[in-house]
Amino acid sequence: MLCENCHFNEAEVKLTVKGIDSTHEKWVCSVCAQGENPWLHSNDDNTYHTHQDDIEEAFVVKQILQHLAAKHGINFHEMAFKEEKKCP
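Count the sequence shown with the working numbering and you get residues 51 to 138, in order.
Treat each hint with caution, since some may be false.
Unchecked claim - 35 Å max Cα-Cα, derived DSBU-like pairs, lysine-lysine: (1) K112 <-> K64; (2) K76 <-> K121; (3) K76 <-> K64; (4) K76 <-> K112; (5) K121 <-> K64.
By construction, these hints were calculated from the structure, which means they are not laboratory data.
The task is simple: from the sequences and hints, build the whole structure.
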């Protein structure tokens, strides 16, 4: 299955995207999931950045980290706890 964002690479990560009124799932490639794809679809109507955007972006990053941790056999919760102890 191709990435639902760039339609170029193979989809590897299932993200839950929270909108204002709804939540939907989207399969994306690892490049789009990391936000490094130059072919990203942009929403030019939203020219401002809100606190809600920060919350949604943090949620997506957490999902990516959980997926990668599971893929490599790492307990995500232990990893996050270790990071918190290193950087108070």
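We went through each hint and held it up to the structure:
1. K112 <-> K64: Holds, because 12 Å separates the two Cα atoms, which is no more than 35 Å.
2. K76 <-> K121: holds, 18 Å
3. K76 <-> K64: Distance of about 6 Å is within 35 Å: holds.
4. K76 <-> K112: Distance of about 15 Å is within 35 Å: holds.
5. K121 <-> K64: Distance of about 13 Å is within 35 Å: holds.
Of the numbered hints listed earlier, not one is contradicted by the structure.
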